[in-house]
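Student: Chain by chain, the residues run as shown.
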Amino acid sequence: MENSPSECPSRRFCVEPVHSRGGRAIPFYTQQTPPLFAVLAHGMACVAFWRIRTTELPFRTALSTVFCSDRELHMDAAHIRNFSIIAHIDHGKTTLSDRLLHRTGTVTTREMEDQLLDSMDLERERGITIKAHPVTMSYTARNGETYELNLIDTPGHVDFSYEVSRSLSACEGALLIIDAAQGVEAQTVANVHLATKQKLAIVPVINKIDLPHANIPATKAQMEDILAIPGDNAILASAKEGIGIDDILEAIVHRIPPPAPTGAVSMQALGFDSYFDTYKGVVTHVRVFNGELRPGMLVKLLHSGKTVEIKEVGSFNPKPYVREKLETGETGYMTANIKSPKDVKMGDTITDARNPSPVLPGFKEIHPMVFSGLYPINTADYEHLKAALGKLQLNDSAFVYQPESSVALGFGFRCGFLGLLHLEIVQERLRREYNMDIIATYPSVIYRVVMTDGKVKEIDNPAFLPEPNYIEKVEEPMVFSLVICPNEYIGDMMALIAEKRGVVDHTETLDPRRVMLTSTMPLGEILIDFHDRIKSITRGFGSMDYEHAGYQASDMVKLDMLVNGESVDAFSCIVHRSKAEGRGRALAAKLKEVIPRQQYQVAIQAAIGGKVVARESVSALRKDVTAKCYGGDISRKRKLLEKQKEGKKRMKSFGSVNIPQEAFIEVLKT
Amino acid sequence: MGDVVEEDVIRHLYVHVPFCARKCGYCAFYSEAGEGALVSRYVEALVRELELVAGDLRPRTVFFGGGTPSLLTLGQWERILKSMDRLGLLGAAEWTVECNPATVSPDKAKLLRDWGVNRVSMGAQSFDESLLERLGRVHSRAMIYKSFDVLRAAGFENVNVDLMFAIPGQTLETWRATLGEALALGSEHLSCYEVIYEEDTPLFEQWKGGMARVDEDLACAMYDELLGAAAAGGFQQYEVANFARHLAGGSAEVPDRACRHNVNCWRGGSFYGLGPSAAGYVRGARTRNRANTTLYCEELERGRRAIESSEELGPLARAGEIAAFGLRMTAGWPLEQFRQRTGFDLPGEWREEMRRMIALGYGELNGERFHLTREGLRFADWAGAEFLRS
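Going line by line, the protein sequences match chains X and H.
Position 150, counted from 1, in the first sequence is what the numbering used here calls 150; the numbers after and before it change by one each time, with no gaps.
Position 114, counted from 1, in the second sequence is what the numbering used here calls 114; the numbers after and before it change by one each time, with no gaps.
Bear in mind the hints are in silico, worked out from the structure with no lab data behind them.
Do not rely on the hints blindly, as some may be mistaken.
[Unchecked claim] Quick list of the computed label-pair ranges, beta carbon to beta carbon:
1) X/601 to H/207: 25 to 31 Å
2) H/184 to X/612: 51 to 57 Å
3) H/315 to X/581: 54 to 60 Å
[To be verified] Only pairs whose alpha carbons sit at most 27 Å apart, straight line, appear in this in silico DSS-like list of lysine-lysine:
4) X/637 to H/208
5) X/639 to H/23
6) H/82 to X/628
7) H/208 to X/643
Quick caveat, the model's predicted, so the values are computed rather than measured.
For glycine and all other residues, C-beta sits at the position ideal for the given N, C-alpha and C.
Starting from the given sequences, assemble the full structure and let the hints guide the process.
Tutor: Structure representation (structure tokens):
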């Protein structure tokens with residue numbers, strides 16, 4: 001961990017965290033050791049002891065920076081800035097964050113690599129941030145004043161829009177990054193909407209100006225036309241080349257307002273994310289809006305109703321370090337005796353238990369939007385899967401699961417996700433991090449079923465859809481979707497939206513090249529391949545984003561797949577009547593491919609209610625015998641037969657039909 | 001349950017001759033091109049192996065298979081036959097030698113017949129020249145006729161003809177023609193195999209490379225054609241792929257020209273298996289010899305059998321195996337014989353399986369015998385697997 005001074009030229013001081021063997025940073029300070037400023041007060045003798053390493057600056061200068069940092073720790077709200085970075089995917093958010101951390105000396109180049117290595121592989125592979133981390137930076141501005149800049153990272157995908165808005169609500173401002181070559185994209189628009197709703201100061205940054213295709217005037221024009229942000233406000237930058245970084249830091253200081261106390265009677269803080277630490281339990285990311293948050297305080301979590309005693313508070317640099325307190329406007333973390341992440345609702349207001357202040361605005365219960373059954377391929381792995389899901393949930397409170405069972409797939413879990421990406425991430429993490437072989441059923445949204453007796457049921461599993469004669473109507477969740485695509489693809493795009501049962505509300509010309517289509521669509525229709533189809537239609541140039549838009553009555557039916565007359569629950573799905581036949585036909589054809597021939601003909605039917613809409617059949621096996629078999633072959637042959645028999649045992653029987661596990665996987669994959 | 005009275009001496013002997021003039025495209029049996037020195041070395045090793053087991057062997061059936069046993073020279077045959085004489089292994093009631101039509105000479109046929117070989121199995125495979133070529137056989141159809149005459153002239157009154165069907169490129173018509181020509185030979189026995197695509201054979205590679213395989217419907221039609229033609233030709237089917245005449249007149253569960261050696265194998269009887277890669281089954285223990293001829297010879301030159309692996313199943317697993325393979329025969333299992341051989345009661349232990357097969361029309365329980373029906377024989381692998389017990 002020894003850094004050479006040349007690696008951190010801008011670094012004032014650093015206090016090295018002690019690393020545990022497991023690799024997770026544990027702050028050097030604990031509550032038993034005196035906090036940093038107290039040590040500093042004891043004079044320079046202690047400095048060496050605390051392993052404060054200076055840079056190439058002379059000793060005297062180092063001394064002054066130490067005292068300077070002492071002052072930083074007593075930062076008043078006027079010297080605090082809380083901000084997020086919002087951007088369309090791949091517009092350079094992560095690179096810019098890294099630049100800022102580096103420029104402010106928060107991390108060294110070496111640490112930055114370590115940091116990257118620590119974060120989820122998946123995040124880097126997909127170029128998205130899944131977990132939001134707040135980081136506290138110290139920056140001495142051109143005016144000579146030193147500021148505490150809190151960067152509150154946001155997840156970069158539409159599935160996590162509530163998490164984005166929660167993170168944004170912890171800020172006073174946002175850096176809006178726009179790629180100079182790509183211009184404004186769908187996610188840019190959606191994020192600006194979110195930031196504007198939160199009344200954040202927006203600092204636009206046109207990034208990647210070093211690219212040969214960069215078109216700064218066009219990007220500025222789009223900002224003005226689409227986002228109503230004056231183009232001249234934009235800072236020109238290249239995070240990759242380090243251009244414009246100081247201008248951005250200055251703009252954060254001067255254009256983003258400092259936090260202002262809410263004027264409430266006591267401490268108010270917003271819990272905007274959490275992670276699970278084996279030693280400390282749930283670590284909640286907090287932004288203090290009013291008053292001070294200190295260890296020992298008894299606080300109430302207003303939405304979850306829990307009262308807990310604060311054990312520790314601190315900030316991230318980007319590793320966690322303990323602080324004496326968090327003051328108005330400051331961002332960091334708190335720990336209390338909270339064992340389960342479910343006990344902390346994200347977006348909850350934390351306040352003094354003895355003298356509570358009102359809730360902060362903007363809280364929403366997170367509701368999973370997409371459901372899918374996850375089953376272990378090897379039934380013996382059920383307990384492993386259960387343990388793995390539990391561990392995943394510790395750091396992902398938006399993910400929910402409960403046991404369910406399926407005739408076809410055995411015992412598994414019904415899991416709820418924020419969106420399809422979230423589902424994919426969870427599946428992928430189960431595979432990679434927990435080595436689980438799993439099968440996922442066809443994803444479903446939550447349908448609202450109004451019964452003839454007036455009761456309303458929420459259905460996320462086709463198996464529980466009531467019989468049609470008990471149903472008054474079915475409502476499905478809708479979204480407003482925003483698609484930006486080059487002009488030449490507008491015809492194909494509208495056809496795609498129509499295919500997905502969407503209605504284009506609005507077509508807007510963005511610039512001479514591109515249009516923006518606003519449409520209302522069923523969420524269930526964009527779950528599977530909408531995004532991929534947009535990318536393929538537009539050769540990668542299209543982008544989309546969406547926000548939830550309530551429920552709408554719809555002619556939804558349950559499509560059953562019958563194998564020799566028996567319904568196979570894993571293949572059932574709720575679909576719109578207009579699509580039932582097509583889907584039924586596709587499923588039947590696929591099943592025909594994957595169901596092995598049996599000794600009798602197997603009928604595959606797709607049915608709505610009792611009505612068959614598609615039919616295929618697997619012809620009967622006419623023979624199953626090896627002609628040649630003599631004394632020398634018997635042992636080998638027996639082993640072969642045993643293997644085949646074993647294979648059949650692993651199949652699931654439906655009536656008299658054996659369906660191998662692979663068949664389910666094949667079908668559910670399509 | 002499971003108590004079996006074992007034989008005092010073993011009554012059946014299989015000898016593997018691992019040499020071929022050329023490897024056939026479909027063949028997965030162990031064989032190699034016979035070079036003079038290695039063949040001689042093999043003959044000596046085989047004699048040594050015969051010596052090692054002779055004390056426990058009084059053969060009623062002997063079967064020389066391969067490979068191509070008829071490829072051995074007169075001198076080599078004499079060496080083997082004389083040794084068998086010395087060891088008291090002659091005089092089997094049924095003694096079969098496999099022959100390739102291209103390798104049967106009148107001298108050799110006469111030598112074998114004189115020493116007591118009384119059955120020849122001739123690997124004709126097809127009467128269609130182009131298919132013979134596709135299969136990679138070394139003989140022509142003319143050679144089949146010639147060899148058959150040679151065998152009859154030497155005094156062989158029990159000859160089997162091997163045929164193959166569902167060969168890629170074969171049509172129902174060419175199969176029908178081959179069947180007709182084979183039956184016209186007037187042999188006592190007929191073995192007809194559907195082509196098996198075994199891994200590590202050129203045929204398998206061709207199939208993987210995209211060569212069209214005869215489809216199931218056509219293969220089934222060919223099998224139906226076989227059943228019809230064989231019956232019309234006076235043959236009685238006694239196993240999935242085997243047909244024989246019954247010369248004694250009247251009817252029998254197993255025709256008298258059936259290959260008794262193979263019947264013993266299907267019925268789970270003991271037999272010694274000698275020669276490279278040969279499998280044996282002696283008092284419940286299966287053994288397999290080393291497949292590599294040189295290694296086989298080396299072991300025997302050191303004075304010990306070249307057994308590479310052996311396996312002994314528990315009583316129930318053994319009984320299950322015996323049930324499974326016996327059901328390949330049309331006669332199925334006489335319940336009492338099964339009980340004696342395995343110590344288990346077939347309807348007692350396999351009641352559920354038998355019930356299911358009978359319900360499907362695949363099995364029949366006639367008095368004291370359970371057997372598969374004509375339809376059931378088409379699913380003999382499935383049925384056999386049902387009877388296996390681990």
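Student: Residue 637 of chain X and residue 208 of chain H were given as a pair; does the straight-line alpha-carbon distance stay at or below 27 Å?
Tutor: holds (22 Å)
Student: Does the alpha-carbon distance linking residue 208 of chain H and residue 643 of chain X stay inside the 27 Å limit?
Tutor: holds (22 Å)
Student: Can the suggested window of 54 to 60 Å be confirmed for the beta-carbon pair residue 315 of chain H and residue 581 of chain X?
Tutor: holds (57 Å)
Student: Would you check the hint for residue 639 of chain X and residue 23 of chain H, treating anything up to 27 Å between C-alpha atoms as holding?
Tutor: Since the Cα atoms of residue 639 of chain X and residue 23 of chain H sit roughly 26 Å apart, the hinted pair holds (cutoff 27 Å).
Student: Return holds or violated for the Cβ distance of residue 601 of chain X and residue 207 of chain H against the range 25 to 31 Å.
Tutor: Once the Cβ atoms are compared, 27 Å apart, the range 25 to 31 Å for residue 207 of chain H and residue 601 of chain X holds.
Student: Could you check the hint for me, namely that residue 184 of chain H and residue 612 of chain X are 51 to 57 Å apart, CB to CB?
Tutor: Since the Cβ atoms of residue 184 of chain H and residue 612 of chain X sit about 54 Å apart, the hinted range of 51 to 57 Å holds.
Student: For the pair supplied as a hint, residue 82 of chain H and residue 628 of chain X, is the alpha-carbon distance within the 27 Å limit?
Tutor: Since the Cα atoms of residue 82 of chain H and residue 628 of chain X sit roughly 32 Å apart, the hinted pair is violated (cutoff 27 Å).
Hint 6 alone, counting from the list given before, is not met by this structure.
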